[in-house]
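Undergrad: Residues per chain, in single letters:
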Amino acid sequence: MADILQLLVYGVVLGSILTLGAIGVSLIYGILRFAHFAHGDMMTVGAYAALVAVAAAGLPVYAALPLAMAAAAAVAVAIDRIVYRPLRRTSPMILLISSFGMALVLRSAVQLVWGPANRVYVPGIRVPYQVADVRIGVDHLVIVAGAVVLVIALHLFLRRTRTGKAMRAMADNAELARISGVDTERVVLWTWVIGGALAAAAGVFLALDTRLHPTVGWHMLLPVFAAAILGGIGKPYGAIAGGLTIGVAQELSTAVIAPVYKPAVAFAVIVVVLIVRPRGLLGGRG
Amino acid sequence: MTALRVEDVHGGYGGTDILNGVSLAVDPGEVVVVIGPNGAGKSTLMRAIFGLIGVHRGRITVDGRNIAGLRPDQVSGLGLGYVPQDDNTFAGMTVGENLEMGAFLRPEHTARRMAAVFDLFPRLAERSHQRVGTMSGGERQMVALGRALMTEPKLLLLDEPTAGLAPDLAAETFERIRAVNSQGVGILMVEQNARQALAIADRGVVMVMGRDRHTDTGPALLADPEVASLFLGG
Ligand SMILES: Nc1ncnc2c1ncn2[C@@H]1O[C@H](COP(=O)(O)OP(=O)(O)O)[C@@H](O)[C@H]1O
Ligand SMILES: [Mg+2]
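Line by line, the protein sequences are chains A and B. So the first sequence is numbered by the numbering used here: it starts at 1 and just counts up by one. So the second sequence is numbered by the numbering used here: it starts at 1 and just counts up by one.
These are computed hints drawn from the structure, not numbers from a lab. Fair warning: there could be bad hints in the mix.
Below 25 Å or equal to it, Euclidean Cα-Cα: the simulated DMTMM-like pairs (lysine to aspartate or glutamate) are [claimed, not checked]: (1) K154(B) - D224(B); (2) K154(B) - D86(B); (3) K154(B) - E7(B); (4) K154(B) - E175(A); (5) K154(B) - D183(A); (6) K154(B) - E226(B).
One side of the interface only, derived from the structure: several residues of chain A facing chain B at Cβ under 7 Å [as the list claims (entries may be wrong)]: (7) Q6; (8) S91; (9) A169; (10) D172; (11) R178; (12) I179; (13) G181; (14) V182; (15) D183.
Think of the CB as a built atom: it goes at the ideal place given N, C-alpha and C, for glycine as much as any other residue.
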């Protein structure tokens, strides 16, 4: 029983990370109608941007986080302007392939600058809290609390601000949004800012939970997409349900099968859910 | 008060042109009805006016200013409203949010305009928190019209506003359109219910194969035997 509770804790932590990545994937799909394959590597870029702030400026990780989010948002906007925007009038397939290329470029750039070795933000082991028989690390609390705060902030942005409403309207019916006076390019810009910033947060939390490595985000791409699809791609709220489901399922699976099969679990969950609910948990667009 | 002129417009979706030199005019405060067979390019004309498709020849002017080449959000900013034929609501959003999006460019007027729209459609006031995707076709059409009215347009483009509505609802919709027009809003409307639409029109345009074939007053078109046999069911 304690083992299962322990795995649940790990699952919620992983789910929080996946959620932050999946929200971006879902928003980008909803607005731009393409699967952004460079999203995992955007997470890596964010994680290393925080490393710069921690190592060079001596900041604590929580202070480095906003800087990393800003840096990744800037990178995402720059990539959109230089690579994706000129291709936007072609087809979603070309955008998808070019994002795959961008993924390789980002990963190589990270490896070029920081090398292929494992890194950590702060060396040393911190003693976890012990609640009954379940161990909860300080970093775990930071990750889950950070994800909750960011998700609430996003919710308020989407519901209360004019730009957030324009974003929802555009994901709902792009042409009608334009007819209503929404400037598409402005919404696209905000989509990358939010998607990039949340990817950075996911990356920093992932590195905090495990370690920094140039492929750390790339390995998350499958579960992040699984979470987005599970929640109904194009629906950012679905990404929360999807992220937690995949995270918990992956960690619980290690009770019965070897941890190397975790990615396969993500895959199995989407297959099963899509058979039962073809439009995802919250019924996104097909 | 806004005047719209469409002059010899050619354009389409990239392949062969759908619009082959169509011209028409809506003078300030007028109701102009466009009728014509399916596929004539009536909806395409509306989309061209609103900047949703390219126009490579001809002019579209609003009060003398050429608007061909403007983006849809810019056309909306000029005081034009548009209710497309299909997909004309934000189905995943509530009635209130749909109306709010209508006033996107003038958020400071949202409350006042919403009250005006609720006056016209009391039904929507009761349903303001309902998701539009869960509503009936007739109610959705009210939302669509309400959204377009939120900008307080000077000219309204309506693409088949009564399509799929039961006869009593269609008659009610024409009544509402007439009420909107009586406040000075010009109307350019595509309609299949040609007889009822022409009855409230200052002018009618018969569009065939991407061109205006006949233009005349509503009563004159209604009396024209060719128009009658083709579009008014004998
Ligand atoms: N998105 C589109 N892409 C390509 N062709 C289209 C598109 N929409 C409509 N068409 C074509 O344009 C022609 C005119 O369509 P439309 O303007 O909708 O006619 P109407 O509204 O008069 O029935 C039709 O032949 C239709 O097949
Ligand atoms: Mg049509």
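Undergrad: State for each hint whether it applies.
TA: Okay, the hints, checked on the actual structure:
1. Restraint check: the Cα-Cα separation between K154(B) and D224(B) comes to about 31 Å, which exceeds 25 Å; the hinted pair is violated.
2. A distance of roughly 22 Å separates the Cα atoms of K154(B) and D86(B); the hinted pair therefore holds under the 25 Å criterion.
3. With a CA separation close to 20 Å, the supplied pair K154(B) and E7(B) stays within the 25 Å bound.
4. About 21 Å separates the Cα atoms of K154(B) and E175(A), which keeps this hinted pair within 25 Å; it holds.
5. Of the supplied pair hints, the one linking K154(B) and D183(A) holds, its CA atoms being roughly 21 Å apart against a limit of 25 Å.
6. Simply put, K154(B) and E226(B) have alpha-carbon atoms about 33 Å apart, too far for the 25 Å limit, and the pair is violated.
7. Against a cut-off of 7 Å between C-beta atoms, the interface hint on Q6(A) is violated, since the closest Cβ of chain B lies about 39 Å away.
8. Among the interface hints, the one on S91(A) is violated; its C-beta lies about 13 Å from the nearest C-beta in chain B, farther than the 7 Å criterion.
9. For A169(A), the interface hint holds, the least distance from its beta-carbon to any beta-carbon of chain B being 5 Å, beneath 7 Å.
10. The restraint placing D172(A) at the interface with chain B holds, with a minimum CB-CB distance near 4 Å, inside the 7 Å limit.
11. The restraint placing R178(A) at the interface with chain B holds, with a minimum CB-CB distance near 4 Å, inside the 7 Å limit.
12. A cut of 7 Å between beta carbons decides the hint on I179(A): the least distance to chain B is about 5 Å, and the hint holds.
13. Because the closest C-beta pair between G181(A) and chain B is about 4 Å apart, less than 7 Å, the hint holds.
14. Hint on V182(A) holds. Least Cβ distance to chain B is approximately 6 Å, under the 7 Å limit.
15. With a cut of 7 Å, the hint placing D183(A) at the interface with chain B holds, because the nearest CB-to-CB distance is about 5 Å.
The structure shown violates the earlier hints numbered 1, 6, 7 and 8.
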